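Protein chains: 2
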Amino acid sequence: MIVTAPYLMFLGDVPDQLAAKTAQGIVDWRGEWCLGQLRLPGCKADLGIPDMTIAEAAAAGVRTLIVGVANAGGVLPDHWTSIIVAAIEAGMDVASGLHTRLGSKPEIRAAAEKHGARLTDVRHSTETFATGKGTKRAGYRLLTVGTDCSVGKKYTALALEKAMRARGLDADFRATGQTGVFISGRGVAIDAVVADFISGAAEWISPEAMPGHWDLVEGQGSLFHPSFAGVTMGLLHGSQPDAYVVCHEPTRSTMRGVQHPLPSIADVIDLTQRCGALTNPGIRPVGIAVNTEKLGESEARALLAKLEAEHGLPATDPIRFGVETIIDRLVRDFPDTRRLTHA
Amino acid sequence: MIVTAPYLMFLGDVPDQLAAKTAQGIVDWRGEWCLGQLRLPGCKADLGIPDMTIAEAAAAGVRTLIVGVANAGGVLPDHWTSIIVAAIEAGMDVASGLHTRLGSKPEIRAAAEKHGARLTDVRHSTETFATGKGTKRAGYRLLTVGTDCSVGKKYTALALEKAMRARGLDADFRATGQTGVFISGRGVAIDAVVADFISGAAEWISPEAMPGHWDLVEGQGSLFHPSFAGVTMGLLHGSQPDAYVVCHEPTRSTMRGVQHPLPSIADVIDLTQRCGALTNPGIRPVGIAVNTEKLGESEARALLAKLEAEHGLPATDPIRFGVETIIDRLVRDFPDTRRLTHA
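Chains A and B, in that order, give the protein sequences.
Read in order, the letters of the first sequence correspond to residues 1 to 343 in our numbering.
Read in order, the letters of the second sequence correspond to residues 1 to 343 in our numbering.
Since the hints were derived computationally from the structure, they do not count as laboratory data.
On a predicted model such as this, the values are computed, not experimentally measured, just so you know.
Note that the Cβ used here is the ideal one computed from N, Cα and C, for glycine as well.
Don't take every hint at face value.
As the list claims (entries may be wrong) - Capping the alpha-carbon separation at 25 Å, the derived lysine to aspartate or glutamate pairs in DMTMM-like fashion look like this: (1) Lys105/A - Glu127/B; (2) Lys136/A - Glu113/B; (3) Lys162/A - Glu127/A; (4) Lys105/B - Glu249/A; (5) Lys133/B - Glu127/A; (6) Lys136/A - Glu324/A; (7) Lys105/A - Glu113/B; (8) Lys136/B - Asp267/A; (9) Lys133/A - Glu249/B; (10) Lys105/B - Glu127/A; (11) Lys133/B - Asp267/A; (12) Lys133/A - Glu113/B.
What the hints assert, rightly or not - Derived list of chain A stretches under chain B, where covered just means 3 residues or more per stretch with a C-beta under 8 Å from a C-beta of chain B: (13) 35 to 47; (14) 194 to 207; (15) 252 to 264; (16) 275 to 284.
Unchecked claim - Now the stretches of chain B that chain A is said to cover, found in silico as 3 or more residues with beta-carbon under 8 Å: (17) 34 to 47; (18) 146 to 159.
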């Protein structure tokens, strides 16, 4: 699915900042696309960007109204409908991360039909994909994998994109989850795809590219997560990564939502190599990204040094210490990584 | 999904016997449920059961009209609609394996609403599942796995059910594909489930059962198939099998639909153990099922003897030589397998 920038961020009247986490992620990574926010009376979230009316946003050139908030049950409250309709009437598309489909509200559907607006529900896949073919495509791919869900796979891929571009390297973040789709304006919430087409969708997400170009694919789940490993497996096969980064949260004792213990980083490397070799025999790890926010700085540095020694890979906390050491390794292992011609 | 027997098998006017393969499978395994067949002029398929009109079928007690044929594109031809409507008006439910949803035809939908008939499209999942929990459930489970798609996983599970029941053992086939759903009257086409819910659907398919009872779960795909391994992985985790049988076709050189070579049986055992241990640390292989139809009998026997020696497991062709040796191993390894009280 495609979401066209620039954006007006609609926050409704959500009760706290946490409910605007998706919207905040978009502002953090694509601040230049987020021209303003629209908040209803009672809204307790604030993205720290200018408040705008629909008319002001339209005048500023906004192309899409983003409903990037989570509220109880993921429903679309009736009293938000008139704002969405007004945005459509002002010429905007609308993209939503709610469970409720935008088109399920008759007023919204009618307005979109009348004005030719595109309604995008990023939680629901509407594209038809082919089944995965497993054929090698040109261009390089890096996938972030993890010991668990929610261990920094999206953040790591985005941090790599930012730092690689800063070095003049040709790299694109590829989104596989709803926040990522808003951030990159393109992608698929791969966990919403019909099971038969997981790897086919992953092939669509990171299509053939220029030799030396890197797609930095946002990972999902974990090969060791009893709820979601099927998604992880199909994403691994379809992404056919040349390189991967293992993401980890060192203080977690059981996997998210279940009672299973976390696998070790060595387990993840071993099984990722094993399964990833099916579609890319050259697959190799290039780094370990650890979320150390619950550790003191010296404790964090000691842990990272220990992991580097154990695995022979750069280990870093992308938020605390950046991802430069991982890029150093990537460029060393893949010396024909492409440089941006305009850099 | 649930499909209620007995059945009237609707064959339409399909051009050959192959198009009625699903219907034939139902008759082969559940002949007692298939009271008759209904064929339109020009139909070139024949299930070898009595031809019946809708009225005759209703009088005989048929509960469900089964559209168990495949035609070009999986569409439902307009000229089949009146028969389906007539079945509904005679009090039947309708279950279809076509891509076209029954309810997409206004006449069918209207008749179903009027008469309270259940329309089941086995290719499309309508149930809402929870995500997989990975928690150990009571009862035993056996999963058929494979070196590839279409290597006899459904047949092997059904043959095991038949032979175990004949020995007075408490075992139920559990369907994960459309033909299997028709054969067992219950199940889910797991490749049609939303990716996030693969293992959750597998948990629903083989729920908690009596200690010593066996669910014989129809496997799908292969952990080594680049198109479908995600489905296979989620099904493995959700089924949490105590035992598995590896299914294989020895003359195939590349995997179905792609250019990848077949994995070895040893590869499949190794990766199935590795991944299956996540939700059942006691997982173990109990046999190898080989489709030897392209081999002569002495060649087939020699291959099976070689596989038995190599892997220390019973190896058989379920069609040619039955599955008794696999059941012997299963009962040896799981001596508290439950006997049917009425046997």
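Hints, verified against the model:
1. Lys105/A - Glu127/B: Holds - the C-alpha atoms of Glu127/B and Lys105/A are around 23 Å apart, at most 25 Å.
2. Lys136/A - Glu113/B: Violated: Lys136/A and Glu113/B sit about 49 Å apart, past 25 Å.
3. Lys162/A - Glu127/A: Distance of about 29 Å is beyond 25 Å: violated.
4. Lys105/B - Glu249/A: violated, 51 Å
5. Lys133/B - Glu127/A: violated, 29 Å
6. Lys136/A - Glu324/A: violated, 28 Å
7. Lys105/A - Glu113/B: Distance of about 24 Å is within 25 Å: holds.
8. Lys136/B - Asp267/A: holds, 22 Å
9. Lys133/A - Glu249/B: Distance of about 21 Å is within 25 Å: holds.
10. Lys105/B - Glu127/A: holds, 23 Å
11. Lys133/B - Asp267/A: holds, 21 Å
12. Lys133/A - Glu113/B: violated, 41 Å
13. 35 to 47: Violated - the segment 35 to 47 of chain A has 0 residues with a Cβ nearer than 8 Å to chain B, which falls short of three.
14. 194 to 207: Three-residue rule met by the segment 194 to 207 of chain A, so holds; n is 6.
15. 252 to 264: With 4 residues in contact (Cβ-Cβ under 8 Å with chain B), the coverage given for the segment 252 to 264 of chain A holds.
16. 275 to 284: holds (count 3)
17. 34 to 47: As far as the segment 34 to 47 of chain B goes, the hint is violated, because 0 residues have Cβ atoms under 8 Å from chain A.
18. 146 to 159: The restraint on the segment 146 to 159 of chain B is violated, since only 0 of its residues have a Cβ under 8 Å from chain A and three are required.
Of the hints listed earlier, those the structure fails to meet are numbers 2, 3, 4, 5, 6, 12, 13, 17, 18, in rising order.
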